[in-house]
Amino acid sequence: MPAKGPMIEANQLSKQYGSFTAVRDLSFSVAQGQVVGFLGPNGAGKTTTLRMLAGFLGPTSGNVRILGHDVTQEPMLARQSVGYMPEAAPLYPEMRVGEYLSFRAELKLVPRNQRKAAVSRCMEQARIADAKDTLIGHLSKGYRQRVGLADALVANPPLLILDEPTAGLDPNQIREVRELIAELGREHTILLSTHILQEVEAMCARALVMQKGQLVADGPMNALLREQNTRSLHWELRGPESTILNVLEGVGARLKNSATSPPGGCVQLQTEWGKELPDPEAAVEQAIALLVQKGVGVRRVYSERAKLEEVFSALTEAAEPSKMVPGNIQIEGSAP
Amino acid sequence: MTGFWAIYKREMLSLWVTPVAWILLVTFLLLQGGVFYSIVSHYSGAAELSFDNGPIEAYFGQGSIFLLVTLLLLCPALSMRLFSEERRSGTIESLLTAPVRALSIVLGKYLATLSTYILMWSPTLLYPFLLRDTGVVDGGVVFTSYLGLLLLGAAYLAVGTLMSALTQSQLSALMLTVLLQFGMFVLGVGEYIFDPGLLHSICSHVSMMSHMEEFSKGIIDLRRVVFDLSVVVLALFTTTEVVDSWRWS
Chain A
3 MPAKGPMIEA NQLSKQYGSF TAVRDLSFSV AQGQVVGFLG PNGAGKTTTL RMLAGFLGPT
63 SGNVRILGHD VTQEPMLARQ SVGYMPEAAP LYPEMRVGEY LSFRAELKLV PRNQRKAAVS
123 RCMEQARIAD AKDTLIGHLS KGYRQRVGLA DALVANPPLL ILDEPTAGLD PNQIREVREL
183 IAELGREHTI LLSTHILQEV EAMCARALVM QKGQLVADGP MNALLREQNT RSLHWELRGP
243 ESTILNVLEG VGARLKNSAT SPPGGCVQLQ TEWGKELPDP EAAVEQAIAL LVQKGVGVRR
303 VYSERAKLEE VFSALTEAAE PSKMVPGNIQ IEGSAP
Chain B
189 MTGFWAIYKR EMLSLWVTPV AWILLVTFLL LQGGVFYSIV SHYSGAAELS FDNGPIEAYF
249 GQGSIFLLVT LLLLCPALSM RLFSEERRSG TIESLLTAPV RALSIVLGKY LATLSTYILM
309 WSPTLLYPFL LRDTGVVDGG VVFTSYLGLL LLGAAYLAVG TLMSALTQSQ LSALMLTVLL
369 QFGMFVLGVG EYIFDPGLLH SICSHVSMMS HMEEFSKGII DLRRVVFDLS VVVLALFTTT
429 EVVDSWRWS
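Quick note, the sequences are listed as chains A and B, same order. For the first sequence, counting from 1, position 57 maps to 59 in the numbering used here; every step adds exactly one. For the second sequence, counting from 1, position 97 maps to 285 in the numbering used here; every step adds exactly one.
What the hints contain is simulated information worked out from the structure, not anything from laboratory work. Note that the Cβ used here is the ideal one computed from N, Cα and C, for glycine as well. It cannot be assumed that every hint is accurate.
In silico BS3-like pairs for lysine-lysine, Cα to Cα no more than 25 Å straight-line [what the hints assert, rightly or not]:
1) K118(A) / K134(A)
2) K405(B) / K118(A)
3) K134(A) / K405(B)
4) K258(A) / K296(A)
A short, non-exhaustive set of chain B residues, derived as facing chain A with CB atoms under 10 Å [claimed, not checked]:
5) W193
6) R198
7) W210
8) S229
9) S232
10) G233
11) A246
12) E274
13) S277
14) T285
15) A286
16) L368
17) G371
18) S392
One-sided excerpt, in silico: chain A residues whose CB lies under 7 Å from chain B [as the list claims (entries may be wrong)]:
19) M78
20) Y86
21) P88
22) P92
23) E108
24) L109
25) P113
26) Q116
27) Y145
28) E189
29) Y304
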């Protein structure tokens, strides 16, 4: 392991394709050992950013350092520390899995006498040891994806950059890949991109959120989600509707919709907290206490899963990109 | 030059495990065999043979248009997929993020096609060997003829490598290379059209026909060697620049 210092340092990174700006003034740093999720809708500039970090694209302005080595100034040194899996894991269909990984190991400067061991280790890690002699062209999408992952791992680099590692996989394969990434996160720094919120939630301690080529949020995932979860609530209550509405409106909830199911006399409600409410969680507590006090049966209260779009809109409302210092937005006092 | 050897080996594997090289090899050898057979049967019926005008010379040079036509198709077909396929399928991304320089990639790929080209010609070494039973074969002529073929192939494959880097479609790469080679071939014909002068000199310098004609007579003209090697260096240098420029597109 190399000396201390950040694994990735991106400084004022911009990329322009002609007149289109894909990434604008992106600055962030990732410490060694972190597992970071790169989140954003399609077309937010995630792939472009990852390609710049991996050295496939040169930034129009700004720079990237991997373990202190500038990706454009010292490309060979910087690239040696990175295991990069491009989106959709492109491979040579005419090669066998073992041949391909051996070729990649040689290309990534794994010494000749360690190559065989490196290939079997990474196949073991990516759980493709049984496919060693299979032609890549005959593999299923899930296997190909894992060959791509094995390729990223073959030289045992300190940093893994994975572009949409679970795209196009079935739910079982997604679960496997998630487990694998969690396992790898113990020894490697990982930066992975996705447009699925749960993905980041399941795998990453920290999330970077991009929108329209700019960083709109940077912080621990749970803080990012809690913020959203508690804004919208579902209630299942038993009691007179008027009492219930009185109580809820009294603590500042806004009614979104309600329905009464006749058999048990239950009232189902959906409420939302206004943005001005400083502490929604305390309000939930207060509301439940009051409801119980008034003799209303509280059967279920649960927060709705935030959708990515909602998180985005909340984050973009909270921090207008133009007014924001990139890399410095913190959610609920979290330290990156 | 780290990575060169890995690229070279992979490219060779890629050429020979797919049917491309084998189909080319069979077609190529059938054509060459047919041409050689007809040349030999023609000379066996000839009344008189002069010293520097035998079947070997006819096979390699002296307007043996068949040889040139096969070269026109063989070289572009070998080089067409080098970079275009990598870019179409996206594997170029893995390649360019590995710690390997563009020059190593270009040389590895190019030399793999050149080696394949040499391998394809090697069975034809049998022809002069067969002729030794019936007459005298000038070893020097055989050597310079193959040198001429090597230089010509090296130049065309380098041009093909560049064309393959300029387009994402194999077919476009093939057509562009054929077009350029055919252009040089047609320019060479100009040698017989223009009166001696500047145009005549230009045409005779790039002419494939005069090129092989000279080499098949045992003449090694340094100008021909320099011309071919210049094409190789220029094309490969430009390819390296093109590969590097993809990062900044």
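To see whether the hints hold, each was checked on the structure:
With a C-alpha separation of about 12 Å, the suggested pair K118(A) and K134(A) falls inside the 25 Å cut-off, and the hint holds. At roughly 51 Å between alpha-carbon atoms, K405(B) and K118(A) are farther apart than 25 Å, so this suggested pair is violated. Pair hint K134(A) plus K405(B) does not hold up; C-alpha atoms about 53 Å apart against a cutoff of 25 Å. In summary, the hint linking K258(A) to K296(A) is supported, as the alpha carbons are separated by about 22 Å, within the 25 Å threshold.
Interface hint at W193(B): satisfied, since its Cβ lies 7 Å from the closest Cβ of chain A, which is below the 10 Å cut-off. Using the Cβ-Cβ criterion of 10 Å, the hint placing R198(B) at the interface with chain A is satisfied: the shortest such distance is roughly 5 Å. Taken as an interface hint, W210(B) does not check out: its beta carbon lies about 13 Å from the nearest beta carbon of chain A, beyond 10 Å. Restraint check, S229(B) versus chain A: the minimum CB separation of about 41 Å is more than 10 Å; hint violated.
At a threshold of 10 Å, the smallest CB-CB gap from S232(B) to chain A is about 45 Å, leaving the interface hint violated. A distance limit of 10 Å between C-beta atoms decides the matter here; for G233(B) the minimum to chain A is near 48 Å, and the interface restraint is violated. Evaluation of the A246(B) hint against chain A yields a violated restraint, the C-beta minimum of about 40 Å exceeding 10 Å. Because the beta carbon of E274(B) sits about 9 Å from the nearest beta carbon in chain A, less than 10 Å, this interface hint is met.
A distance limit of 10 Å between C-beta atoms decides the matter here; for S277(B) the minimum to chain A is near 5 Å, and the interface restraint holds. Look at T285(B): its Cβ gets to within about 5 Å of chain A, closer than 10 Å, so that hint holds up. The interface hint given for A286(B) is met, as the beta carbon of that residue sits about 5 Å from the closest beta carbon of chain A, less than 10 Å. Checking L368(B) against chain A by beta carbon gives a least distance of about 28 Å; that is not within 10 Å, so the hint is violated.
Annotation: G371(B) was flagged as interfacial toward chain A, and the flag is violated, the nearest CB pair being 32 Å apart, outside 10 Å. Interface hint at S392(B): violated, since its Cβ lies 43 Å from the closest Cβ of chain A, which is beyond the 10 Å cut-off. Because the beta carbon of M78(A) sits about 5 Å from the nearest beta carbon in chain B, less than 7 Å, this interface hint is met. Below 7 Å, beta-carbon pairs count as interface contacts, and Y86(A) has one with chain B at about 5 Å; its hint therefore holds.
Interface restraint check: P88(A) against chain B, minimum CB-CB distance 4 Å, threshold 7 Å, status holds. For the restraint placing P92(A) at the interface with chain B, the shortest Cβ-Cβ distance is roughly 3 Å, inside the 7 Å limit, so the hint holds. The criterion of a C-beta within 7 Å of any C-beta in chain B is met by E108(A), whose closest approach is roughly 4 Å, and the hint holds. Contact between L109(A) and chain B, as hinted, is supported at the beta carbon level, the nearest pair being about 5 Å apart and thus within 7 Å.
Given hint, P113(A) at the interface with chain B, is violated; its Cβ is 12 Å from that chain's nearest Cβ, farther than 7 Å. The beta carbon of Q116(A) comes no nearer than 15 Å to any beta carbon in chain B, farther than 7 Å, and the hint placing it at the interface is violated. At about 17 Å, the closest approach between the beta carbon of Y145(A) and any beta carbon in chain B exceeds 7 Å, and the interface hint on this residue is violated. Residue-level restraint check for E189(A) is violated (minimum Cβ-Cβ distance to chain B is 21 Å; threshold 7 Å).
For Y304(A), the interface hint is violated, the least distance from its beta-carbon to any beta-carbon of chain B being 43 Å, above 7 Å.
Of the numbered hints given earlier, the model fails hints 2, 3, 7, 8, 9, 10, 11, 16, 17, 18, 25, 26, 27, 28, 29; all others are met.
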